[in-house]
Amino acid sequence: DIQLTQSPSFLSASVGDRVTITCRASQGIGSHLAWYHQKPGKAPNLLIYAASTLQSGVPSRFSGSGSGTEFTLTISSLQPEDFATYYCQQLDNYPHTFGGGTKVDIK
Amino acid sequence: QVHLVQSGAEVKKPGASVKVSCRASGYSFITYAMHWVRQAPGQGLEWMGWINAGNGNTKYSQKFQGRVTITRDTSATTAYMELSSLRSEDTAVYYCAKLHYDSSGYYMSLDHWGQGTLVTVSS
Numbered sequence: 001d002i003q004l005t006q007s008p009s010f011l012s013a014s015v016g017d018r019v020t021i022t023c024r025a026s027q028g029i030g031s032h033l034a035w036y037h038q039k040p041g042k043a044p045n046l047l048i049y050a051a052s053t054l055q056s057g058v059p060s061r062f063s064g065s066g067s068g069t070e071f072t073l074t075i076s077s078l079q080p081e082d083f084a085t086y087y088c089q090q091l092d093n094y095p096h097t098f099g100g101g102t103k104v105d106i107k
Numbered sequence: 001q002v003h004l005v006q007s008g009a010e011v012k013k014p015g016a017s018v019k020v021s022c023r024a025s026g027y028s029f030i031t032y033a034m035h036w037v038r039q040a041p042g043q044g045l046e047w048m049g050w051i052n053a054g055n056g057n058t059k060y061s062q063k064f065q066g067r068v069t070i071t072r073d074t075s076a077t078t079a080y081m082e083l084s085s086l087r088s089e090d091t092a093v094y095y096c097a098k099l100h101y102d103s104s105g106y107y108m109s110l111d112h113w114g115q116g117t118l119v120t121v122s123s
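Protein sequence lines, in the order shown, are assigned to chains B and G. The opening position of the first sequence corresponds to residue 1 in the working numbering, with each subsequent residue numbered one higher. The opening position of the second sequence corresponds to residue 1 in the working numbering, with each subsequent residue numbered one higher.
FYI, nobody ran anything at the bench for these hints, they're computed from the structure. Idealized CB from N, CA, C, for every residue including glycine. Please note that the accuracy of each hint is not assured.
Some chain B residues near chain G, calculated using beta-carbon distances under 10 angstroms [said to hold, decoys possible]:
| hint | residue |
| --- | --- |
| 1 | TYR36 |
| 2 | GLY41 |
| 3 | HIS96 |
Straight-line Cα separation of at most 30 angstroms, DSS-like style, residue types lysine-lysine; simulated pairs [said to hold, decoys possible]:
| hint | chain 1 | residue 1 | chain 2 | residue 2 |
| --- | --- | --- | --- | --- |
| 4 | B | LYS42 | G | LYS63 |
| 5 | B | LYS42 | G | LYS59 |
| 6 | G | LYS13 | B | LYS42 |
| 7 | G | LYS12 | G | LYS63 |
| 8 | G | LYS63 | B | LYS103 |
| 9 | B | LYS39 | B | LYS107 |
| 10 | B | LYS103 | B | LYS39 |
Rough simulated footprint, nothing fancy, chain G against chain B, three-plus residues with beta-carbon under 8 angstroms [as the list claims (entries may be wrong)]:
| hint | segment |
| --- | --- |
| 11 | 20–34 |
| 12 | 42–55 |
Next up, chain G with everything else stripped away, as it sits in the complex (with noise of 0.2 angstroms):
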């Protein structure tokens, strides 16, 4: 089956970065796009980005662009996002998420999850 696990909590200083990973199993890796989706404490969820798991091409938000890198390393079918300088309103739970296509290949969704990733910015 499907996992997505990600890599632990951090805790950065203002105008660090911050690069988590997304190691995935249990389907053809390359196949399928990986996004990326934060969560402030006690708010909704948030579109970052994602990337082409194949060819790694990569589609960011514009809030994000400039200072988010998302990558992947098919040999450990890892996926990757960097944030750079950090500030206080980046505190959240970061997630990635494996897109899904329905039987058409038109549709779209998110159909598996990593645990999350919580990102503290704190001086």
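The following block holds chain B by itself, in its conformation from the complex (with noise of 0.2 angstroms):
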């Protein structure tokens, strides 16, 4: 199975910062890669696609890239509502693995 490692596990942030969370797969994976952000208590919401194509209605302060095996997920400006717990997600091989998230709190 691919393993997707996401760093940080936990970041601290203020409204207004720039946060960059990277996604490193085990083995290439091309740019067969999305990016998900999940509220408590919710399913998660689709950001990235495709690596680094931003999704119908997701705004755009998020923006991802990379390719291979490393990947990074950039929020240019963080919002209120950006608060939430982040997992990219390979759909080159079965099965589909996440990453094990990072949470981004409120500094």
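Work from the hints to combine the two standalone chains into their complex.
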């Protein structure tokens, strides 16, 4: 199975901060990576697919980059509604594994 | 708009089976695969498997092979996930999620999710 390692696991940030989350794959997955965020008690919500394509309706402050084994999700200016847990998922090989998650909390 | 509505919470005893439904609306059900993902309390997301809603072909995570069965009823636009031989570690929220392809048809993601179904396994 492909392992996805997210870092950091937890970060504390303020409104307006630039935030970067990293997702590393145990083997190359091309650009077959998606990013989601999840708020407590809610289902995940798709942010980015194909590593860097913004899902329709997602604010442009979110961006994704990378290919192969290293990927990043960047929030250019953190907003109050962005405090959540973020997950990456690879859809290159089965099983379509998720990273362990990054919780973004209010400083 | 796309809606995925799942069945209600379940409480099961160890060794029993559970079947969770996911009723889809707002899109062509047979055109897109349906995936199942679970989340244990306070934990991350775990991919379980998927079904091609058109032809019924399935693919399961090896972790659940032999215990999970994903089916669909095209007339009811509903997908089902049945998990057998339940144990306490199967206590989790189970989600269905619709597959999305990008414009090239090459890159996938899960663009719509059900609200989740809590399955509690307890004696």
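Q. What hint numbers does the structure not satisfy?
A. none
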